[in-house]
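Same order as they appear, the protein sequences are chains A and B.
Residue numbering for the first sequence follows the working numbering, beginning at -6 and increasing consecutively.
Residue numbering for the second sequence follows the working numbering, beginning at -15 and increasing consecutively.
Keep in mind that the hints were calculated from the coordinates and are not lab data.
Just so it is clear, CB atoms sit at the ideal spot from N, CA and C, and this is done for glycine as well.
One or more hints might be untrue.
As the list claims (entries may be wrong) - Which residues of chain B face chain A? A few of them, derived with a C-beta cut under 10 Å, are: (1) F35; (2) M38; (3) L40; (4) P44; (5) D64; (6) T91; (7) E98; (8) T99; (9) E128; (10) L131; (11) P135.
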Amino acid sequence: MLAYLVKRLFQAIAVMFVISVIGFAIQDNLGDPLRELVGQSVSEEVRQQLRDELGLNDSFAKQYLRFLGNALQGDLGTSYFFKEPALDVILKKLPATLELVLGATIIIVGLSVPLGVYTAIKPNSIISRIIMGLSIIGISIPVFLTAILMIFVFSVELGWLPSFGRGDVVHVWGYWDTNFATLDGWEHILLPSIALASIMLPLFVRLIRAEMMEVLESEYVKYAKAKGIHPGRIYFVHALKNTLLPVITVGGVQIGTMVAYTILTETVFQWPGMGFMFLEAINRVDTPLVVAYLIVVGFIFVVTNTIVDLIYGLVNPTVNLARMGA
Amino acid sequence: MSLLSVSDLTVKFAMRDQTVTALHDISFDLAKGERLGIVGESGAGKSITGFSLMNLLSKPGYIDSGKILFEGQDIAGMNDAQMRGIRGNKMAMIFQDPMVTLNPVLTIGQQMVETLQAHRKLSRDEAEQIAIVKLREVYIPSPEERLNQYPHELSGGMRQRIIIAMALLLNPQLIIADEPTTALDVTIQADIMELLLELCQSNKVGLILITHDLGVVSQMTERTLVMYAGRIVEAGRTREIINDPQHPYTQGLINALPQQTLPGHRLKQIPGNMPSLTSIPVGCPFSPRCSYAVDHCRTTRPEPISYGTVRVACHEVNRLHNDTPDQEKQA
Ligand SMILES: Nc1ncnc2c1ncn2[C@@H]1O[C@H](COP(=O)(O)OP(=O)(O)OP(=O)(O)O)[C@@H](O)[C@H]1O
Ligand SMILES: [Mg+2]
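Please build the complete structure, drawing on both the sequences and the hints.
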């Protein structure tokens, strides 16, 4: 178990190293820190001097190592626009984004399992056909269109749900304000969560259905029938457990990807999260903030993948974590 | 009264463009505690027969007509809920490949306990105690520990022993074993067969053993059905069928046994292949491969007739029987 953890940790570090190199390369090539610092009116001589002082004329490797050293101490540069450490800016926005992802995840997990199982067990029923048809539509409509349609229907026409912002949030701890403590907060997070879930949910339904149908054809399911086991137990114990194993792996990766999808959703719903912030930072050529965002998202991605692998190892008896490290 | 009485069982597959018949008018009886072998080449319909007896045909397959009387009740007409009371309880099945038969994510204990609990009101502890007793009967070392193990932690031979133990959990009247050793290492095949025979005899359980190996059938069973292209071509006491086969197909199978071939000689395989379900010849289905076939065989389908103590479906059985000794002298 420990060996496996150490191995996973090294993989994670390797991935983070690659992300940091890419991040630094962007920093190095995009925008000119001097322009942000001194504006246009300074002579070329003074500029060169400043460059030397800032170490901008050092070799790529030397500059990267400095960048890395700072990053390891939690210093991802200072936002040009906010005049604050970039990491702080992001951490303030992070809870809003994570809550949005959580909301979407709850919707996806809560609906995809029953829908996927139902459509696998009754592939020819009318309801299954409707679900599968809707899932195709869901996959093919882009998130921002779903979001705008929902705003039009539920906010503008019906006036049931708010269309922008987080509404009433309750302070929990540190930078973390939560939507889940007030009714107003729930109302505000509902539409963005659905919009964010709208692509993944149909994918998950189809994935679970396909896996489940394959499992239902397996020898061990036929054997369970031959033992006189009740269909309910065959579906939900014999088949579902084997179905969810591959789904966990794919699903975990997708939930990591969802953090990136929040850019669109947050923009449409004016959700004050880091996706919205990222788009603004690009518009303002706030390079340190852009790079810090990439690194934080990369970090979240690596962490979720590692956790997913660990969960997979724990629920799959054929994966021996203790031995996998060897 | 016999334990199992199958009459005129016909099984079809509803394919997209046509319906094909996989089993034609299969009839046989099995007495309580009797052991019956079903032999034939690949595609003969042996497995389909086995699954029909469990009313467990998978999708496009269905029982078209005929009766399967098990303890006097017609299985062919039962719904799933009624069948559940019989499957695993009065009639158990042993599948071919133990590597894929057990559920990989459930422990041996869970899979044994659920079987018992599906048919009896038992607590988990009580069920585990029964499971341990049965595991001991199939010579599984330290059965208590096995209960907590997952299938992948056990060898193929061990798994098949466990599956045999599972088949015996509820003291069934009949075990259907479909090529139970084909997927196993050759060195342990005989052990598993011996174990199965021993347990069937000591528990007075009926056995239907499906195999393509006549050698196994002769050691394990009292009666034999020889199947070809979805039909029974010869049926009778195993000893007589092995020693004095009547149907040219049975003779071909026996001649192809390695024991029948002198060292250094090639195995005498029956020429040609089993026809697929969509291309079964008119007349005798075996006629294209049969060296005794005459015109009549190619046009009219032979019905099973009694010949001595066996039943055989061959037009030329009289002529053939007189010829056989000469044939053997020539060979
Ligand atoms: N699901 C299916 N759909 C269509 N045809 C099938 C199906 N399952 C089996 N068959 C056909 O039914 C015939 C009998 O199959 P069966 O599995 O009973 O053969 P078998 O005697 O058990 O052969 P083997 O020794 O290879 O196991 C074969 O021709 C096979 O192709
Ligand atoms: Mg078979």
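Hints, one by one, checked against the model:
no.	hint	result
1	F35	holds (9 Å)
2	M38	holds (6 Å)
3	L40	holds (6 Å)
4	P44	violated (13 Å)
5	D64	holds (8 Å)
6	T91	holds (8 Å)
7	E98	holds (6 Å)
8	T99	holds (5 Å)
9	E128	violated (18 Å)
10	L131	violated (14 Å)
11	P135	holds (9 Å)
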